[in-house]
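Number of protein chains: 2
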Amino acid sequence: MELAWKVAEGSEVRLADYDPDYTAKNTSHSEAKEELDKLGAELDGLQELMWAAHHHSLLLILQGMDTSGKDGTIRHVFSHVNPQGCAVQAFKVPTEEEASHDFLWRAHKVTPGRGALTIFNRSYYEDVLVVRVHNLVPEEVWTKRYKEIKHFEKLLVDNKTIVLKFFLHISKDEQEQRLLAREKDKDKAWKVAVGDWKERAYWDEYQKAYEVALSKCSTDKAPWYIVPANHKWYRNLAIAHTLVHVLRGYKDEWQADLEKRGRQALAELRQMRKEAHK
Amino acid sequence: MELAWKVAEGSEVRLADYDPDYTAKNTSHSEAKEELDKLGAELDGLQELMWAAHHHSLLLILQGMDTSGKDGTIRHVFSHVNPQGCAVQAFKVPTEEEASHDFLWRAHKVTPGRGALTIFNRSYYEDVLVVRVHNLVPEEVWTKRYKEIKHFEKLLVDNKTIVLKFFLHISKDEQEQRLLAREKDKDKAWKVAVGDWKERAYWDEYQKAYEVALSKCSTDKAPWYIVPANHKWYRNLAIAHTLVHVLRGYKDEWQADLEKRGRQALAELRQMRKEAHK
Numbered sequence: 001m002e003l004a005w006k007v008a009e010g011s012e013v014r015l016a017d018y019d020p021d022y023t024a025k026n027t028s029h030s031e032a033k034e035e036l037d038k039l040g041a042e043l044d045g046l047q048e049l050m051w052a053a054h055h056h057s058l059l060l061i062l063q064g065m066d067t068s069g070k071d072g073t074i075r076h077v078f079s080h081v082n083p084q085g086c087a088v089q090a091f092k093v094p095t096e097e098e099a100s101h102d103f104l105w106r107a108h109k110v111t112p113g114r115g116a117l118t119i120f121n122r123s124y125y126e127d128v129l130v131v132r133v134h135n136l137v138p139e140e141v142w143t144k145r146y147k148e149i150k151h152f153e154k155l156l157v158d159n160k161t162i163v164l165k166f167f168l169h170i171s172k173d174e175q176e177q178r179l180l181a182r183e184k185d186k187d188k189a190w191k192v193a194v195g196d197w198k199e200r201a202y203w204d205e206y207q208k209a210y211e212v213a214l215s216k217c218s219t220d221k222a223p224w225y226i227v228p229a230n231h232k233w234y235r236n237l238a239i240a241h242t243l244v245h246v247l248r249g250y251k252d253e254w255q256a257d258l259e260k261r262g263r264q265a266l267a268e269l270r271q272m273r274k275e276a277h278k
Numbered sequence: 001m002e003l004a005w006k007v008a009e010g011s012e013v014r015l016a017d018y019d020p021d022y023t024a025k026n027t028s029h030s031e032a033k034e035e036l037d038k039l040g041a042e043l044d045g046l047q048e049l050m051w052a053a054h055h056h057s058l059l060l061i062l063q064g065m066d067t068s069g070k071d072g073t074i075r076h077v078f079s080h081v082n083p084q085g086c087a088v089q090a091f092k093v094p095t096e097e098e099a100s101h102d103f104l105w106r107a108h109k110v111t112p113g114r115g116a117l118t119i120f121n122r123s124y125y126e127d128v129l130v131v132r133v134h135n136l137v138p139e140e141v142w143t144k145r146y147k148e149i150k151h152f153e154k155l156l157v158d159n160k161t162i163v164l165k166f167f168l169h170i171s172k173d174e175q176e177q178r179l180l181a182r183e184k185d186k187d188k189a190w191k192v193a194v195g196d197w198k199e200r201a202y203w204d205e206y207q208k209a210y211e212v213a214l215s216k217c218s219t220d221k222a223p224w225y226i227v228p229a230n231h232k233w234y235r236n237l238a239i240a241h242t243l244v245h246v247l248r249g250y251k252d253e254w255q256a257d258l259e260k261r262g263r264q265a266l267a268e269l270r271q272m273r274k275e276a277h278k
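Same order as they appear, the protein sequences are chains A and B. Each residue of the first sequence is one higher than the one before, counting from 1 in full-length UniProt numbering. Each residue of the second sequence is one higher than the one before, counting from 1 in full-length UniProt numbering.
Honestly, the hints are just simulated from the structure, not real lab data.
Pairs count within a copy or across copies, as identical chains cannot be separated in the list.
List time: in silico SDA-like cross-link candidates among lysine to any residue, alpha-carbon distance up to 25 Å:
#1 Lys-184 - Asp-257
#2 Lys-109 - Thr-95
#3 Lys-191 - Asn-159
#4 Lys-251 - His-80
#5 Lys-109 - Val-141
#6 Lys-216 - Thr-143
#7 Lys-232 - Glu-199
#8 Lys-92 - Thr-143
#9 Lys-184 - Glu-268
#10 Lys-260 - Gly-72
Looking at chain A on its own, in the form it has when it is part of the complex (with noise of 0.2 Å):
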C-alpha cells in the first residue's frame, strides 16, 4: 500500500487531482501514532545500517507551500534517528556569495556523504518556484534549469545517493487556519512572517509552478512523492511509510558491505599484530 503518491516519470500532476485531505482507508489516528513509532524505530535501525555500510547517501528534499508542515515532518519522523549522520540544510534567502555562483552551487556543498543522511527543508527547487513565481530572473534562465536539475540528480544518483523528494500538499484553506492559528498562540506567534501572507496571494502561480517541477523532475531514480498534508498525524506517516519502504530495499546491501568493511578491518589488524611479532 502506497501511502503518499509517487510521480511516474514523464508524467503531467495537475495537483487538484489529489486530495490533501486523504487518509488511507483503514488507518485511524491513534493506530497511526502506533505505526510511526514503530516507523521510526525502524528507520533509526536503517539509518544506522547505511552509515556503518558506509556506501550509500540519503537525500531527502523537503518542499511545499508556507505551512505546509517542512519543519514538523523533521521534528517528528527524525525524531528518532542518530544526530550523527543526519544533517538538516534550510535554504533561505541567498546569500551575496551564493547568488554570485549558478543556482545549484550552495546545495551541492552540502550534499551527503558515503553513510550520510541530509534533509532539504527547501531546496534548489526554490529556483523554479519562487524564481519563477516573481520572474526573479529571466524566463529563459530558469526554464533550463529543469534540465539542470535533473542531470544535477543524476550526477548524485551515479555516486550512490538515493534521493527522494517530497511535495507536502496542503489546501489553501488549510494554510489559511494554520497561518491564523500561530496569531493566536504566544509561543506560535514567532513564527508569524509577513512574507507568508504576501506569498499567499500567489497561491494559483505556486501550484502551476509546483505542477511543472513535479512533472518535469520526477524520475525513476530521484522520484517526487505528493504527500496529502492536510493531516499532520497522516503527513508523518505517510513520508516515514515511504522512506522505510524504499531503504529496506537495501538492507541485505547495506548488511553485506558492513561485514566487508569488518573482515576488510580485521585483516589489517592482523598483518599489524604479525609485523609487531616479527
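We have chain A already, so just place chain B on it with the hints.
Relative to the frame of chain A, chain B by itself:
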C-alpha cells in the same frame, strides 16, 4: 547532585583522582534508563525553546580516548532531539586545506548560529592532544594553543554561545575490553582500527595531555566536565543531567525572548494589514 565533575577554573587536574567506574550512590541501572528518558524529553523541549528564542547557541564538545563513547553519547543522549537545529561535527585528520590554516579555522566555520546546538565529536582540543603526544608541530607552537583556545571560547561565549565540554573518562583496562569486543562482533568489526591499538601505546602521554588541557582550559564560562565513563548508562545519564541542569537556567529568559519575537511579528503583521486597507 552533580553526576559529572566540573573542573574548577585554575585547578590542577590529576585524572588518577577521578574514578572512571564511579556511579552515583543511589542510582540503579533500571532507574537510570527511566531517568535518561525523562531527561531526553526535557532536553528536547529545552532545545526547541532555545531554537525559538533565537538568542543563545550551544556548543558541546566531546573528547575522550578511543572507545570512550563519544559516538554512543551522541546516539543515546541526543536521539530525541529535533535534528533541525542540531548538527554534529566530527573532526578527523585535517585535510590539506585545513592544515594550511590556523588550527581553529576549521572549527570556527562550523560553530552553531543563534538558536542552534552543535556537537563537536573531537575538536580543536586534538591540537593539544594528539598533536602534543606525537609532536606534530613544534612545542613552541602547541604551548601557545591553550591560551588561543581560551580566547576563542571567550569570543564564542561573548557572542551568547553556551560552551560545555565533556571529557569521557575510561580506564585503560576498559578500553582494552572494548577494543577486543569489536573484534568479536561481525556487526561491529568495521569499527576496528589499527590506529586505535597504536595510539593505546601512548596511553600515559594522552592522560597527561588531557590533564594539562583540562587544567588550562576549564573556565567558569566554558567549563570542562570529567564524566565517569566506564559504565555507558552512567555516562549517558551524567551528560544528559549536566546539560539539562545548565539549560534549565536559561528557560525563563528564552520563554521571554520567544514571546518578544512573537509580539514583534504580530506588530509587523498589523502594520501590513493597516497599509493594505488604506
